[in-house]
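There are 2 protein chains.
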Amino acid sequence: MNYPNGVKLHKQKQINYSNRGMVLEADLNETNNYYLVNDIAVIHKKPTPITIKKVDYISPQKAKIKDAYFQKASTTDYNGIYRGKYIDFEAKETKDKNCFPLRNIHEHQIDHLRKIIKHGGIGFLIVRFVNYNKTFFLDGKDFMNFLKNNKRKSIPYSYFNEKGYILEIKYNPRLDYLKIIDEIYFKGEYYEEKISKN
Amino acid sequence: MNYPNGVKLHKQKQINYSNRGMVLEADLNETNNYYLVNDIAVIHKKPTPITIKKVDYISPQKAKIKDAYFQKASTTDYNGIYRGKYIDFEAKETKDKNCFPLRNIHEHQIDHLRKIIKHGGIGFLIVRFVNYNKTFFLDGKDFMNFLKNNKRKSIPYSYFNEKGYILEIKYNPRLDYLKIIDEIYFKGEYYEEKISKN
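If you read the sequences in order, they're chains Y and Z.
Using this note's numbering, the first residue of the first sequence is number 246, and each one after it goes up by one.
Using this note's numbering, the first residue of the second sequence is number 246, and each one after it goes up by one.
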């Protein structure tokens with residue numbers, strides 16, 4: 246589970262989870278911000294779902310949450326709109342060298358992606374293998390095909406090499422995943438050309 | 246601001262905000278669940294955005310949030326997919342009898358809705374006047390037209406009567422807003438007919 250920025254560790258076993266997956270998340274937030282300010286797409290990360298148990302009302306305007314817990318996400322982390330189409334994806338980092346363990350994605354999230362694809366949306370995964378510093382775009386249909394044809398609890402690295410698209414880290418946008426979507430879903434009609442025409 | 250279910254009031258000025266807007270929210274959650282289980286649409290409420298300041302790691306699996314604050318939402322509360330189209334809306338209750346005060350919707354949320362419409366999505370408001378127990382669907386384009394042509398800080402009730410669509414409360418789905426979308430965006434080709442054909 247990824248914790249939002251600014252989480253301070255406190256008391257007890259000080260295990261530092263705070264950096265887990267945060268680099269990829271930061272890259273994607275920058276990318277989405279580039280798409281937003283350049284009017285290319287509107288794609289946001291959803292807030293982390295939390296169950297709130299106790300709130301202090303410091304003033305009518307200010308409430309302090311004193312007791313709350315992280316929930317399991319029932320949908321993916323990112324969604325939005327691009328070229329009129331609904332976009333939906335999950336992004337994960339793995340330290341594994343040979344595969345992407347499927348325990349990283351909850352069953353609910355897989356069901357959600359399956360439904361999105363069925364309803365005509367564009368669903369996919371972005372997976373970073375931190376040891377190779379390689380980031381892949383895996384289209385939702387290829388992800389679903391893998392799950393249908395395999396009983397394994399992980400997707401081998403070779404499957405990403407075969408079916409995935411490499412996302413090179415660039416200056417701006419950091420991880421240009423819409424370029425891959427243009428290629429797969431819009432016959433390579435790249436949005437950059439649209440911008441330069443304006 | 247709406248607080249999620251299960252919020253317990255604690256210490257200091259015990260102002261009960263917990264019921265504000267919760268009835269409409271519950272109606273919409275039920276409606277969205279009906280759409281989901283009947284495979285009509287995939288539309289979810291986003292989690293409430295929170296800034297986390299302090300976390301206790303009780304165990305590697307369990308983290309307790311000890312200090313956090315509610316954030317202003319930068320997008321709307323609900324989004325998803327229907328008939329391949331991107332759906333995005335905000336839902337609000339008002340106790341006002343004559344108008345819907347625009348302070349209920351942040352500037353960021355209005356900008357967000359404007360962008361969604363520009364990118365080809367279906368954006369709208371659902372507003373309930375609790376005193377009349379009337380719930381309106383106001384299409385995003387009519388909302389934007391009002392803002393463009395008026396300097397007022399509220400939308401009069403008469404504007405909802407003129408431009409909005411009444412959402413009757415039914416047994417299931419509670420507030421069938423997709424029927425309105427069928428009427429406006431899909432030439433009245435109702436999804437119920439699609440279901441009965443299956």
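It cannot be assumed that every hint is accurate.
Put simply, identical chains are the same to the list, so a pair is met inside one copy or across any two.
In silico EDC-like pairs for lysine to aspartate or glutamate, Cα to Cα no more than 20 Å straight-line [said to hold, decoys possible]:
hint, residue 1, residue 2
1, K311, D301
2, K360, D284
3, K317, D301
4, K396, D427
5, K291, E434
6, K386, D356
7, K363, E437
8, K360, D387
9, K311, E434
10, K363, D284
11, K309, D284
12, K337, E437
13, K393, D312
14, K311, E407
15, K360, E437
It is worth saying that the hints were derived from the structure and are not from the lab.
Hints and how they fare:
| no. | hint | in the structure |
| --- | --- | --- |
| 1 | K311 with D301 | both (7 Å within a copy, 11 Å between copies) |
| 2 | K360 with D284 | between (27 Å within a copy, 8 Å between copies) |
| 3 | K317 with D301 | between (25 Å within a copy, 18 Å between copies) |
| 4 | K396 with D427 | neither (31 Å within a copy, 40 Å between copies) |
| 5 | K291 with E434 | neither (28 Å within a copy, 32 Å between copies) |
| 6 | K386 with D356 | within (13 Å within a copy, 33 Å between copies) |
| 7 | K363 with E437 | between (29 Å within a copy, 18 Å between copies) |
| 8 | K360 with D387 | within (15 Å within a copy, 31 Å between copies) |
| 9 | K311 with E434 | neither (50 Å within a copy, 49 Å between copies) |
| 10 | K363 with D284 | between (27 Å within a copy, 9 Å between copies) |
| 11 | K309 with D284 | neither (35 Å within a copy, 38 Å between copies) |
| 12 | K337 with E437 | neither (27 Å within a copy, 38 Å between copies) |
| 13 | K393 with D312 | neither (41 Å within a copy, 43 Å between copies) |
| 14 | K311 with E407 | neither (48 Å within a copy, 45 Å between copies) |
| 15 | K360 with E437 | between (30 Å within a copy, 19 Å between copies) |
Violated hints, in rising order: 4, 5, 9, 11, 12, 13 and 14; the structure is consistent with all others.
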